Structures are given as structure tokens and as C-alpha cells.
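Going down the list, the sequences are from chains A and B.
In terms of the numbering used here, the first sequence opens at residue 1368 and continues consecutively.
In terms of the numbering used here, the second sequence opens at residue 1368 and continues consecutively.
Keep in mind that the hints were calculated from the coordinates and are not lab data.
Incorrect hints may have been included.
Copies of the same chain look alike in the list, so a pair counts if it works inside one copy or between any two.
What the hints assert, rightly or not - Derived lysine-lysine pairs resembling DSS-like cross-links, with alpha carbons at most 30 angstroms apart:
no., residue 1, residue 2
1, K1529, K1430
2, K1520, K1497
3, K1611, K1491
4, K1563, K1521
Owing to the predicted nature of the structure, the values given are computational and were not obtained by experimental measurement.
Number of protein chains: 2
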Amino acid sequence: MIGIFDSGIGGLTVVRALMEELSGYDIVYFGDTARTPYGNKSPDTVIKYALENTEFLLSKGAKIIVMACNTASSVATDDVTKRFDVPIFEVITPAVELSVKTSKKLRVGVIGTRATIKSGIYSKKIRDLKPDTKVYSYSCPLLVPLVEEGWLKKPETTMIVKKYLHPLKVRQIDTLILGCTHYPILKNIIQNKIGKRVNIIDSSVTVAEKVKGFLEKHKDIDSLLSKNGECRFFVSDVTEQFEKIAGATLKRNVILEHVRM
Amino acid sequence: MIGIFDSGIGGLTVVRALMEELSGYDIVYFGDTARTPYGNKSPDTVIKYALENTEFLLSKGAKIIVMACNTASSVATDDVTKRFDVPIFEVITPAVELSVKTSKKLRVGVIGTRATIKSGIYSKKIRDLKPDTKVYSYSCPLLVPLVEEGWLKKPETTMIVKKYLHPLKVRQIDTLILGCTHYPILKNIIQNKIGKRVNIIDSSVTVAEKVKGFLEKHKDIDSLLSKNGECRFFVSDVTEQFEKIAGATLKRNVILEHVRM
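The task is simple: from the sequences and hints, build the whole structure.
What follows is the structure in C-alpha cells.
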């Protein structure tokens, strides 16, 4: 199976993208809802959680791992890759690669959680590929709770998005990376406030394309993955609100199975 | 020592109140910042965390326990009281007792996290004391992240507070219980939006008064508590942001000691 984990249910946007790119592949998802969110926590704590989550997915039969969480991808990729001997995908690199390909003005904006932005990983990776690129990164910690409350069309949400994006607008970026799995849910408002000409990169879509490309090249690993169209969703805590968001993200009824970490 | 725990650092408002009521008493605090927040999580998960936190405080020498967290107080009080043989204080009852004493119109509002409001504990306890009281309870899940971001004077915060309080204003309450340790930090905005005539009850103050009253009556337990004016603050995760809020709440430099749960 393809194993995917996230700090909560935001990572279901990655499941949605994988289901489109790799229709029929079996998926096992783990959302760490008992310890969510990761975005305001320290690297050490996030690394510990990422290792535990990966171990859980492997115990459920995962043969490759997708870290759907930008915060975990930012701070825990090295540790997870060193510890486990399976292909590990993170959401940063695919978005970075696309941004340097598409940004003509070499002015890229990145928004994410406090931990993701503080790690500086997007700036570093973008500059590694194209040193002349100007990267402007801002954390937007209130967007996750706004999405989780379902405040998608409230004027307060629009005002807060506008406030967060203002410094990026001033910098005249032509490309904006959504560095958090929750943000695609606000894509319309973000596009509206940053301007129509800015190309928005959704890391949940780019990572799914990356996994697809990898499996096309590595038939040995692809052959290990079962393809019965089955999905299982494990979470470390179940509440009605989590079930509601999960259903809305995948646009179908989702059964969340509780597992204690 | 007096042991206090909270889901994070919001509970430092209770430490502040205890320092005023019981000056010189030694305090050991535990903030579960690695798993914060509790307010959107299920009762089972919150109970598990509350038991672990209490055990930790007892291992550090606590002789009485104050659950500074409204969510834990709402769902975990019975389990914690049954498991441990020390006096356990929760933040609900003192606020409830004061509300029925002071509400003349018997119309009381309560605001809190989703888990606290869903537990129905405030309504139940208020009606147990005064069955004729009308209780109107609403969850305000965005207030905790707004406080944690330090957005205390932003127009978006004022708008969101106004939106949350609107149904309570319509009900013409004369008393409002702040059923979350973070809310006292927004007290001025809340007072402004709910109206000057509404009496606001701050559960961090009422629980400190309750502990003081208890120790005056139970000299045997009071004699177990050391009084060197020492405070230790343990957290399950340390970040700059946590340290910043801790310092701002207690209005002094706070050293957070990291402990892995």
C-alpha cells in the first residue's frame, strides 16, 4: 500500500490528489489528530511524531511513505529517510521544482505554518536550484484553525488572508507556493487577494505527480503496491468535526478508524 | 507544592491568580504544549492526557492538583479524582457557584472550547444549583489561536469576538462565564462587545479563591505545602512563541523546562 501521514486531516488533500493520479492504488492514511497541529511545535517534537507515524504505517503494510504534512516534511525528512529503508516522499521538493520552472520574474512567495517557515527549507531548496531567485516566506498560523472551523466564506477569513498576503503582494511575486496542506481549501480567496497573475502552486498536487513519476520508473517498487482501490483512514483521535472535514475534503463518506499512539 | 496543569500555557492565568491569592506558595506547573490544544479533541483522549499530566505533577512533589484547563476539567475530573488520592481542583465549579450567586435575571452565558461546551457541564452544574436558570452556551474555537498569535488588538479579533457573542447578546444574559483559560486575555474586548452591564466571571480567579478557602479550612493539607516562593514551569514542548506568551502572561521572565511525556 501507499502510506500517507499528516498531523491531522489536512493531508487528505494529498490523498485526493493521489487518488486522481494513481487511481486504484491502495492507500493507508494516518492523521495524528490527538496531537494536531504540528505547525507551532518544535522540530524535536515533530521529528519524534514523524518517526512514530512512519513506523505505524509500515506496520500496516505501507511500502512507500508520503509525508503529507509540510511541517514534518520541513524538519523531519532527513531523520525519517535515515531510519527507514523504504522510499520516502515529502511535499517540499516537488513544489520547489515546479516553482523554479514556472517563475519568470524569479520572485517566489511561500506561505506555511510557523515551523515550516522558520525552518527556511523552501528558500534554501529554491536557491539551491536557482540561486538568483528572490524568495519571500511568511507564516500564516491562523489559516489552519479557520479552515478547521469551516470558515471558508466568512468576511473575517478574507480579511485575514488579505492581511497575511499583503507583504507578498508588495514584493510583486509571480509564483506562490501553498506550503501547508490546509491552504488549497482556501485557494480561491488566496488567488483573489494575491492577484490573478500570480501562479499558485499546490504542494498536494505536485507531490502526487512526483509519486506517479517515480512508480513509472521503478517497476520493482510499483509491483509491491496492491491495487484494489482500497483506502483505510486511521487517526489518533476521532471527533465529529474531524469526520466532517474528512468527508468534505474527499467528497465522500469517510470512516475514521481510531488508533492509540 | 501546588501542582497545576493545562493543555498549554493558557493555564498560566491560573498561576497568576494563585500567586496573588496565595503569595509565597511553591508551584509546579505543567503545560502540555506538545499535544496542545485539547479543546477540539475527544473526551477519551483528554482523559488520558489529564491522568498522565497529574501523575507527572505528583512525581514532582505536588500535594494538591489544580486542573487549570477548562476542557480537562469538563471531561476528566471524575477520572482524575478516582485515580489519585490528593485534593483535585477544577475550574468549572467555582465559576458556576459565583454565577448563580450573582446572576439576578438568572440568565447566564458560557463560552468555551468545542469540547467544553459539548460536555454540557456548565449548564448541568448551574441547573443543579439553581434549576430555574437559563444557560446559553457557545463554543468559540478561534479565540485560542487568536490569543496565541497575540492578535489582541487587531480588528479581525474584535469582529470575531462580536460574531461569537452575538447570540448571547440577543439572549440578554446578565452574567458571562469565560470557560477557557485563554479568554481572560481578551476580557476587555469581550466586555465591550457583550455590554458593560454583563458581569464577566473569570474562572482562573474563582478557582484560585477556592483553593485559598480550602487551605484555610484544611490546615493539615496546607502544612504539606512548601512556601519558599518557588515556581517551576515544565512543558512537553518548548518554542520561542510559547516562551513569549508565558512571559507576557506572568509579566516576568519565565524559564520553561522541557519534559518528554
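Earlier hints that do not hold, by number
Hint check: 1, 2 fail, others pass.
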